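From first to last, the protein sequence lines are chains C and F.
Heads up: the first sequence begins at 1 in the numbering used here, then just goes up one per residue.
Heads up: the second sequence begins at 1 in the numbering used here, then just goes up one per residue.
Don't read these hints as lab results, they were simulated from the structure.
Just so it is clear, the structure is predicted and the values come from calculations on it, not from any experiment.
Hints are supplied without guarantee of correctness; some may be wrong.
Here are the simulated distance ranges between beta carbons [as the list claims (entries may be wrong)]: (1) A69(C) / V284(F): 50 to 58 Å; (2) A140(C) / P400(F): 40 to 48 Å; (3) A140(C) / S95(F): 28 to 36 Å.
Derived lysine-lysine pairs resembling DSS-like cross-links, with alpha carbons at most 25 Å apart [stated by the list, open to error]: (4) K263(F) / K253(F); (5) K107(C) / K263(F); (6) K137(C) / K192(C); (7) K343(F) / K137(C); (8) K107(C) / K137(C).
Not close to chain F: a few residues of chain C, all C-beta gaps over 10 Å, as computed [stated by the list, open to error]: (9) V53; (10) R54; (11) P57; (12) D61; (13) E87; (14) R92; (15) D112; (16) A140; (17) Q169; (18) A181.
Think of the CB as a built atom: it goes at the ideal place given N, C-alpha and C, for glycine as much as any other residue.
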Amino acid sequence: MRIVVAEDLYLLRDGMVRLIEACGHQVVATAATGPETLEALLTWRPDVAVVDVRMPPAQSDEGLRAALAARREVPGLPVLVLSQHVEQLYARELLADGAGGVGYFLKESVFDADQFMDALERVAGGGTAMDPAVIAKLLASGSSHRRLAELTEREHSVLGLMAEGLSNQAIGQRLFLSESAISKYTTSMFGKLGITDDDSNNRRVLAVLTYLNRP
Amino acid sequence: MVSWVTSAFVGFARACAVVIVVLSVPAVWAAAVALGIWWGAANPWSWVAPLVLVCGGTLALSRPVCRAVRFLVARWTATVVPAGYRQAEPVVRMSTGFWWNGFSYERTRRDALLDQRWRIRWNDPANWRDLRFTVLAPFTTGVVSAVPPAGVAAAVLGFSQPTPVARLIGVAGSLVAVASAPYAWRSVRPVAVRFLGPSRAMALADRVDELTAQRADTTVAQAAEIRRIERDLHDGAQARLVALGLSLATAEKLMATDPDQAKALMREARVGATASLTELRELVRGINPPVLNERGLVDAVRAFALDSPLEATVSAGPELRLDPPVESAVYFGIAELLTNAVKHAHADRARITLVRDESGLVVAVEDDGGGGAVERAGGGLAGLRRRLAVFDGTLEITSPAGGPTQVRMMVPCASL
């Protein structure tokens, strides 16, 4: 994959580049500020970009803004946003266009190289990858909590993993269940919540996230 | 007609009251002069006693007169003229057994209270203002208010004599009395407002006291906060990083001899790093929430509302960027209120409104919980009030038992 890395701290940027290259992918460009990020995203049109939220010049949310701006120019441009903290607010903004191809993770998720690479590939393929911390907050927030009261504990955890962007197969592996058992859970769960099941994994995840994002 | 007659009678009574209160000091002066004349003007010593009487009488009467005028004005016109007298500090017993009253140590509590009372009485800047008013008032509102009673006196005197001139004076006097009765007493209000309120010096002295107390509060709170951060870092992240370094050092040693053990140690180190990052994140959020820095107050409140178990709606005017310290105080205020709504009031919904108008920033937080919020010394709401007071901000809480709770925080423009 051709990847752009946008991160202002040299050590982290360097480490990330080394990790990505060690996994056999190519880093085509790096950026250290918001404007640089936007320019790199639009000129290189990478298969996926890793973008830090807080960057110079203002040390506010330049990275996120650059990612959102690039996705307005190139709809569905795959972006994985990394941050020291995760906020539902930012997750909602990233998901708002409904185009998929977004990821949102805590920076420490790069500690687990396999999972990080898996998430990068999912995002590059137009899927979504959300940090478990974001999903936990999304599931616990006021309106979702009430609507999800009907779900069994198992269905709840399946929904959580699905919202993180995992496929039925991956969810099965995590929960030590067969893929068919998972699809049984999803069917009953979707029935309870009134979401129409979709064959496409990506569209299904987006439907779940949209459902959770509803005010 | 009836109402005019009542207002004339009421006005006459009020004018008499003003005259009695305000002219009591000139009455003392007149009595002193009369005393001097009666004792004989030739003897120079006979002037000493009246002089003492004038000075002592004026000093002693100034405060009761001012209090009475303030009371009458408040009662008749609902205009409250602030008194601004200096308040006594509590007298406390020190470990030495002596009593401290804010000025000096005394052997007994009674002495301490007495000493304090006299010191405050003599050093109060309000004394000068009171004296000025007692001297000025007879010549302003005193003279004006005396018109209706003087008219009545002229009428009584005039009608008691049979001559036509006296009758004429009587008629004129009663006309003047009737015409001026509803209005004469009203002169007391402007005079009281102008001369009886706290002077600029007194207002400044009050403000200095207030700011000194606030500064002490802020310093204490800040020191406590820094201690908390230091402790959290020391016990949390620092300790974890030491453990991390140890694990890595051991793993390095074991790499050649026992690779499996080394791998396990490195996994452990990774878990440790994640844990210390989580701890640091929580700490940072408590010091200054990152969203506040990245997006400003409104989005930070939105983010907090999204994370809270309440169904909270946030409405705000466009472009609400304030000074970072104010944003931080207001953010933590809202966070405190929403946490209370969940924890104590068991609310399901909350509404947060942030409005900036020409007077300042107004934040309203309402919930549908059980109400009954009480402000306790040292509690969260008292702390919130203190944090807002630094910016001259105010806090209003309406929380009847059974709910709902409505809280308004206001920060004036000058602080924004």
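Hints and how they fare:
| no. | hint | verdict |
| --- | --- | --- |
| 1 | A69(C) / V284(F): 50 to 58 Å | violated (27 Å) |
| 2 | A140(C) / P400(F): 40 to 48 Å | violated (30 Å) |
| 3 | A140(C) / S95(F): 28 to 36 Å | violated (53 Å) |
| 4 | K263(F) / K253(F) | holds (12 Å) |
| 5 | K107(C) / K263(F) | holds (22 Å) |
| 6 | K137(C) / K192(C) | holds (21 Å) |
| 7 | K343(F) / K137(C) | holds (18 Å) |
| 8 | K107(C) / K137(C) | holds (17 Å) |
| 9 | V53 | violated (7 Å) |
| 10 | R54 | violated (6 Å) |
| 11 | P57 | holds (13 Å) |
| 12 | D61 | violated (4 Å) |
| 13 | E87 | violated (5 Å) |
| 14 | R92 | violated (8 Å) |
| 15 | D112 | violated (8 Å) |
| 16 | A140 | violated (7 Å) |
| 17 | Q169 | holds (25 Å) |
| 18 | A181 | holds (30 Å) |
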